[in-house]
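Protein chains in written order, with numbering that gives the first Met the number 0: chain A, 0 to 143; chain B, 0 to 389.
If you're looking for bench data, these hints aren't it; they were derived computationally from the structure. This one's a predicted model, so the numbers in the text were calculated from it and none came from an experiment. Hints may contain errors.
Label pairs and their calculated CB-CB ranges [unchecked claim]:
id : chain 1 : residue 1 : chain 2 : residue 2 : range
1  : A       : 66        : B       : 102       : 45 to 53 Å
2  : B       : 20        : A       : 111       : 46 to 54 Å
3  : A       : 111       : B       : 56        : 34 to 42 Å
Below, a list of computed lysine to aspartate or glutamate pairs in the EDC-like style, where the Cα atoms sit at most 20 Å apart [stated by the list, open to error]:
id : chain 1 : residue 1 : chain 2 : residue 2
4  : A       : 122       : B       : 127
5  : B       : 126       : A       : 124
6  : B       : 265       : B       : 135
7  : A       : 122       : B       : 135
8  : A       : 122       : A       : 102
9  : A       : 122       : B       : 133
10 : B       : 126       : A       : 123
11 : B       : 101       : B       : 161
12 : B       : 126       : A       : 81
13 : A       : 106       : B       : 161
14 : A       : 122       : B       : 157
15 : B       : 126       : A       : 78
16 : A       : 106       : B       : 157
17 : B       : 126       : A       : 126
Just so it is clear, CB atoms sit at the ideal spot from N, CA and C, and this is done for glycine as well.
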Amino acid sequence: MQYVHPDYDESSRLVVNGSIRIADDDNPVLIGTECCECEFVVFPSRSFCRNCLSDDVTDVQLARTGRLETYTIAHTGQEGIEPPYAFGFVSLENVRLYSLLTECEKKPLEVGDPVELVLERIKEDPETGEPLFGHMFRPKEKER
Amino acid sequence: MTENEVAIASVGQSDFGELEGQRVTEFGSRAVREALLSSNVESDDIDEAYIGNVATTAQGQTSVIGQAILREVGVTGIPITRVENACASSTCAFQEAYKRVKSGECDIVLAIGVEKMTGVPTEVALKDMAGGTDAEVEGSMGMTFMGLYGMRANAYMDRFGDVREELAEIAVKNHANGLKNPRAHLQLNVERADILESRMISDPIRLLDACPMSDGAAAAVVTRGEIAEQLVEKPIYVDAAEMLSGDYLEDAEFWREALDERVAQKAYNEAGIGPDDLDVVEVHDAATIGELMHYEGLGLADQGEGASLVRDGDVMLDGRIPVNPSGGLKSRGHPVGATGVAQICELVWQLRNEAGSRQVANPSIGLAQNSGGALAGEGGVSTVTILSNR
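Start from the sequences and build out the full structure, keeping to the hints where you can.
Put into structure tokens, the structure is as follows:
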């Protein structure tokens, strides 16, 4: 079962609007856009295709697991996110995206690690203090 | 339209550092004044001006910065345009000046770079810098520029093995060079152990692997070759000025400076030379891994072999191909909008044998590489400028 932060519900605000939701199987899933003309997939979602400019596009659920392409652990970071925190680039089936990384304490991160999506609390709105949610990836445990 | 030979009549640079109490117009105009006086041109002779500037929070004067600075040196009533391309802003301003002269539209054009970054809390400055990444997903979710260098470094070391000691040696070299540059920001006498024991910023990038945030300005008078020859004794010729942006596709390899490779090839073709012909090089060492990867992107070393240039001493001031004799961003400092033209200043001084105790032995061809911003982990822009003294 993939992790969803206990404070998250459908009314919660996201850092990137429309980027992630709970799917019918109760697991989180990232939402991208697939072009109906040329099948180009992009994250986050767009109203027309970046590759062929067609506006015949549809929401698509992205793969929940992927490969860690590279990573770092920031000891000095942006205001609002408590350091140290890890981030990297993750390759899914059709898409590569930037993501914060979580649950990285068990073993050192390595390029090529399998990772899986979780829905986490990212930070607070600096003006209202309201929590903002979004995607993170964590090392994927081996299947038993 | 006839194509003209383009030259730099002269250059000017302010001190780089925390210029506390100085307005951006003050140190900005000081750099332009030096460039005008050393070029023997009058304020009325300038046809146009392009100014590289990112306009971060600390600056105050966030618009019409070119006009505000040039008013101070009596350059008014002409087209003045700000150019923004993150940390490569002023190289891109220089390229606009180059193109205006090359096309025959203008005789004398000013290229300026300026930035005021200090005097605000670090978090504010870091947020400004994060605006040079993708603001929708990356900057909004914690990415930092040193984090980007950390990610590039980890991808590089995963492929080619540990280079942390060589990265530390790059920092030691650039600080040693900077100690010989009176206009450099960080005047630090450091050894390898100091670098390797400094505070971790974004693994594996440590505090002393990273450049500082600085205030500063630089300026160049760009003109037709024949005019430069009348104005000054030693004009420096512009043999190539190229820039490209990234592709931002899914297959970019983080261990490789593919963007550098593409822009360098264009520049080498334009100048009719190759990397073996270079005598002095300035590269964008915002972090030490940047310098190492630029060695490979520019073809100074094969892929995965950049560290050997450090181990063999090739990139030292007295080496086969000295890199960052100015001290680089690492020591000279990195006022983002000013760095590109500051690299050009250093090449001009080196090619004129005016670089004092950091002078490289009799160089005739120099190259400057300047990077700006990033999207999807790939460079926003990379520029390569090739200068020579003929």
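Going down the list of hints, with the structure as the test:
{"no.": "1", "hint": "66(A) - 102(B): 45 to 53 Å", "in the structure": "holds (48 Å)"}
{"no.": "2", "hint": "20(B) - 111(A): 46 to 54 Å", "in the structure": "holds (51 Å)"}
{"no.": "3", "hint": "111(A) - 56(B): 34 to 42 Å", "in the structure": "holds (39 Å)"}
{"no.": "4", "hint": "122(A) - 127(B)", "in the structure": "holds (18 Å)"}
{"no.": "5", "hint": "126(B) - 124(A)", "in the structure": "holds (15 Å)"}
{"no.": "6", "hint": "265(B) - 135(B)", "in the structure": "violated (32 Å)"}
{"no.": "7", "hint": "122(A) - 135(B)", "in the structure": "holds (15 Å)"}
{"no.": "8", "hint": "122(A) - 102(A)", "in the structure": "holds (17 Å)"}
{"no.": "9", "hint": "122(A) - 133(B)", "in the structure": "holds (18 Å)"}
{"no.": "10", "hint": "126(B) - 123(A)", "in the structure": "holds (15 Å)"}
{"no.": "11", "hint": "101(B) - 161(B)", "in the structure": "violated (45 Å)"}
{"no.": "12", "hint": "126(B) - 81(A)", "in the structure": "holds (15 Å)"}
{"no.": "13", "hint": "106(A) - 161(B)", "in the structure": "holds (19 Å)"}
{"no.": "14", "hint": "122(A) - 157(B)", "in the structure": "violated (31 Å)"}
{"no.": "15", "hint": "126(B) - 78(A)", "in the structure": "holds (8 Å)"}
{"no.": "16", "hint": "106(A) - 157(B)", "in the structure": "holds (16 Å)"}
{"no.": "17", "hint": "126(B) - 126(A)", "in the structure": "holds (15 Å)"}
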